[in-house]
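These protein sequence lines map, in sequence, to chains A and B. Oh and the first sequence: position 433 is 433 in this note's numbering, straight run, nothing missing. Oh and the second sequence: position 208 is 1208 in this note's numbering, straight run, nothing missing.
Since the hints were made in silico from the structure, they are not lab data. Among these hints, one or two may not hold up.
[Claimed, not checked] Taking lysine-lysine pairs in the DSBU-like style, the calculated list, with each CA pair at most 30 Å apart, reads: (1) Lys1223/B with Lys1154/B; (2) Lys489/A with Lys42/A; (3) Lys207/A with Lys1123/B; (4) Lys148/A with Lys1016/B; (5) Lys1196/B with Lys1207/B; (6) Lys1207/B with Lys304/A; (7) Lys1196/B with Lys1154/B; (8) Lys1192/B with Lys1122/B; (9) Lys1196/B with Lys1123/B; (10) Lys423/A with Lys446/A; (11) Lys260/A with Lys1122/B; (12) Lys1016/B with Lys1154/B; (13) Lys437/A with Lys423/A; (14) Lys1016/B with Lys143/A; (15) Lys1192/B with Lys1223/B; (16) Lys489/A with Lys211/A; (17) Lys1154/B with Lys1192/B; (18) Lys211/A with Lys260/A; (19) Lys76/A with Lys66/A; (20) Lys260/A with Lys207/A; (21) Lys142/A with Lys1016/B; (22) Lys489/A with Lys18/A; (23) Lys207/A with Lys437/A; (24) Lys1122/B with Lys207/A; (25) Lys106/A with Lys66/A; (26) Lys437/A with Lys260/A; (27) Lys304/A with Lys1208/B; (28) Lys1208/B with Lys1123/B; (29) Lys1122/B with Lys1199/B; (30) Lys211/A with Lys1123/B; (31) Lys1002/B with Lys304/A; (32) Lys76/A with Lys106/A; (33) Lys66/A with Lys489/A; (34) Lys18/A with Lys42/A; (35) Lys1199/B with Lys1154/B; (36) Lys1122/B with Lys1207/B; (37) Lys1002/B with Lys211/A; (38) Lys1016/B with Lys151/A; (39) Lys1123/B with Lys260/A.
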Amino acid sequence: MPVNYFPAEFEVLRNYDKCISCRACERQCANEVHYYDADFGKMLAHENQCVDCQRCVCICPTGALKIRPNENSFRKSANYTQPLMTEAYRQAGTGSVLLSSMGTPKDYPVYWDKILLNASQVTNPPIDPLREPMETRVFLGKKPTQMKFDKNGELDTTLEPSLTLNVPIMFSAMSYGSISKNAHESLARAAEGLGTFYNTGEGGLHKDFYKYGANTIVQVASGRFGVHKDYLNAGAAIEIKMGQGAKPGIGGHLPGEKIKEDVAHTRMIPRGTDAISPAPHHDIYSIEDLRQLIFSVKEATEYKKPVIVKIAAVHNVAAIASGVARSGADIIAIDGFRGGTGAAPTRIRDNVGIPIELALAAVDGRLRHEGIRNEVSIVAAGSIRCSSDAVKAIALGADAVYIATPALLAMGCHLCRSCHTGKCNWGIATQNPELVKRLNPDIAYKRLVNLVTAWNHEIQEIMGGMGINSIEALRGNRLMLRGIGLTEKELQILGILHAGE
Amino acid sequence: MKINAENMSFRELNEKIRASRGRRVEIENMLGQRYTGSGCTGKDIHISGIPGNALGAYLTGCDITVYGNAQDAVGDAMNDGTITIHGNVGDAAGYGMRDGKILVKGSAGYRAGIHMKEYMEKKPLMVIGGKTGDFLAEYQAGGRIIVLGIGYEKQCPVGDFCCTGMHGGVMYIRTEHAPELPAQVLCEDADKADIKAIKADVELFAKKFGYDAEELLNAHFYKLTPNTSNPYRRLYVNN
Ligand code: SF4
Ligand code: SF4
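The shape of chain A in the complex, shown without the other chains (with noise of 0.2 Å):
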């Protein structure tokens, strides 16, 4: 007999008062977890296939199911945790890198919740959002510093190409193959509903959805897939993906099994073998050959389009980010360590990189210090997990945020961290055409509207607060922002007052 070193990691626990063996949760488990045992005459689970989903519990009609962490416990070392050793037990066996997906979950501080928000009392009073304008459109690109006169001593009144978002909110990238079409049209018609961007990621533009152009980022990656001049001119932007916040320094590699033919299609490549998106941009080594890609992108689109540039927050953000702010980006997006992937090695994804708001904080500070602040626009991103971490962010100096991991709950995701395995009973991440159909894009595209639209009231309601009505008058205004149970260092990277001051 082989010896399992470690135990299911969940439990899978049936109520057999309420289980009529309907068998609904079978049909509906892609890891194959739930049995008919014809013997027993009962369902029965391979609880050592589950990866808590959640989606068994939500479709079961009596409500029989529940799925817990399995109580069985290792000795306790609050040094070698349960999970080091049977991470240890995983690599023994198989001699293999670690594999995870979403944003990671280890307990480092958040420090959304350790800032709170300012309201006016008595002078300076609140504003109420249901009676007056509330302003919370954001154009996003370079803002004109001076004005220039031509010749004639007439006023020059063109501007740099630029975004318009009715929300300070974007959806991330996210590319089709790491997530399925129907929840890439569930995104694209979101964004047309809002009045903001989705962003392709690295994998192309589906060509269904060619005709979503005008709320579309296409994004450029060091694999170049599925890019070409039509691509590059059917979005509204082009970003560069330099990095990502999950894993700075690491490329994407999606498995030839996730490659079917419309993915193989949209991205160029063919079908069944593996994409492999180098870590870097093998032509870029420098600022100034970074500077070479945006202008050839600028180039093939005739300077119609605002090139943002993505980077991953790493240690030397605030200096990366000032260069990126001279290569002639029109946008910044800044990806903090705890957002999410579709698959990253776990040891990097735990490991590496900061946090977007130390990384905001600094970036913004910086590039005011230099006076090139309305050189760029910042989108930071990496864990906005609501409306209040938005309000903080533009707040901490971001122009708008870039959401995904909330974008996935509201299709259905239950953050079960199993996206790389390719088999999201949510029809989310995964490629198994049984499986997409479970997303359906009418509704997913309404759930995804509605979300965004309650943050947005909630923005305006928690701005009417501050007594201010446009989000231009909240962007950097840290004033607005006090520390809790900070240390002087943070308070000073944050460039806010603790509570209380």
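Start from chain A and add chain B with the ligands according to the hints.
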């Protein structure tokens, strides 16, 4: 149409090319202007002088001929058309190219043909007459790269780390000296069928640059392909 590029900015030059009527565009006195023909369609551009970086990036069905050397990032992510260089090219030529042809009479710098790919009838081709620097065809995922090594018959005409991460496509090297390769790449002597497969490509090269195709083909070639019996699998375990 003739354009004198002397003292002209790259932006102005590109606007002139885009605005030009007819297919043929002749550029004279070029001196380092970048992005020439970026995303261009339906032109036949002839360049005397030295074009700058990113010549023919995202090229889409346009021909470019340079009567001299070219610099870095020639044909970045190009999709169609032919770029002919009557001299040498700098680094990172043909990065991520998906279709079309890059023909170089002389040698190529580092990182040529990185991440070249193919899709159905789209099969890019790069022919280098001389030798190449290191990292040739890293991550090659499709297409054909032919290195002829003309004038470098006594050495291996490709640099170090050739084909690292190769997982598709094919490379032919005209040499007696096999390059050092990663275990995931298979290196065989090209047989008759292989020579037949590249005959048209070499003939095209020979015709453009005045060589005898028969003579070029009548030599030993190595053929490099991803080693399907030794793939990059099992790198990861689900966690
Ligand atoms: S993997 Fe999901 S559907 Fe399957 S048993 Fe576990 S929770 Fe239920
Ligand atoms: S997208 Fe699907 S697989 Fe990924 S975490 Fe969410 S539910 Fe799990």
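Agreement of lysine 1002/B and lysine 304/A with the hint, judged by alpha carbon distance not exceeding 30 Å: holds, 27 Å
Within 30 Å, alpha carbon to alpha carbon, are lysine 423/A and lysine 446/A? holds, 24 Å
Take the C-alpha atoms of lysine 1016/B and lysine 151/A, compute the straight-line distance between them, and say whether it is at most 30 Å. Roughly 23 Å between the alpha carbons, so the hint for lysine 1016/B and lysine 151/A holds.
Sort out whether lysine 211/A lies within 30 Å of lysine 489/A, counting only the CA atoms. violated, 49 Å
Can the restraint linking lysine 1154/B and lysine 1192/B be considered satisfied, given a maximum Cα separation of 30 Å? holds, 23 Å
Assess, step by step, whether the Cα of lysine 211/A is no farther than 30 Å from the Cα of lysine 1123/B, and give holds or violated. holds, 28 Å
Against the 30 Å threshold, does the CA-CA distance of lysine 1002/B and lysine 211/A hold or violate the hint? It is violated: about 39 Å lies between the C-alpha atoms, which goes past 30 Å.
Check whether the Cα positions of lysine 489/A and lysine 42/A lie no farther apart than 30 Å. violated, 60 Å
Under the criterion that the straight-line Cα-Cα distance not exceed 30 Å, is the pair lysine 1196/B, lysine 1207/B satisfied? holds, 17 Å
Has the given pair, lysine 260/A with lysine 207/A, been kept, meaning a C-alpha gap of at most 30 Å? holds, 15 Å
Is it true that the CA of lysine 66/A sits at most 30 Å from the CA of lysine 489/A? violated, 44 Å
Are lysine 1223/B and lysine 1154/B close enough, with their CA atoms no more than 30 Å apart? holds, 18 Å
Of the numbered hints stated above, those contradicted by the structure are hints 2, 6, 12, 16, 22, 27, 33 and 37, listed in ascending order.
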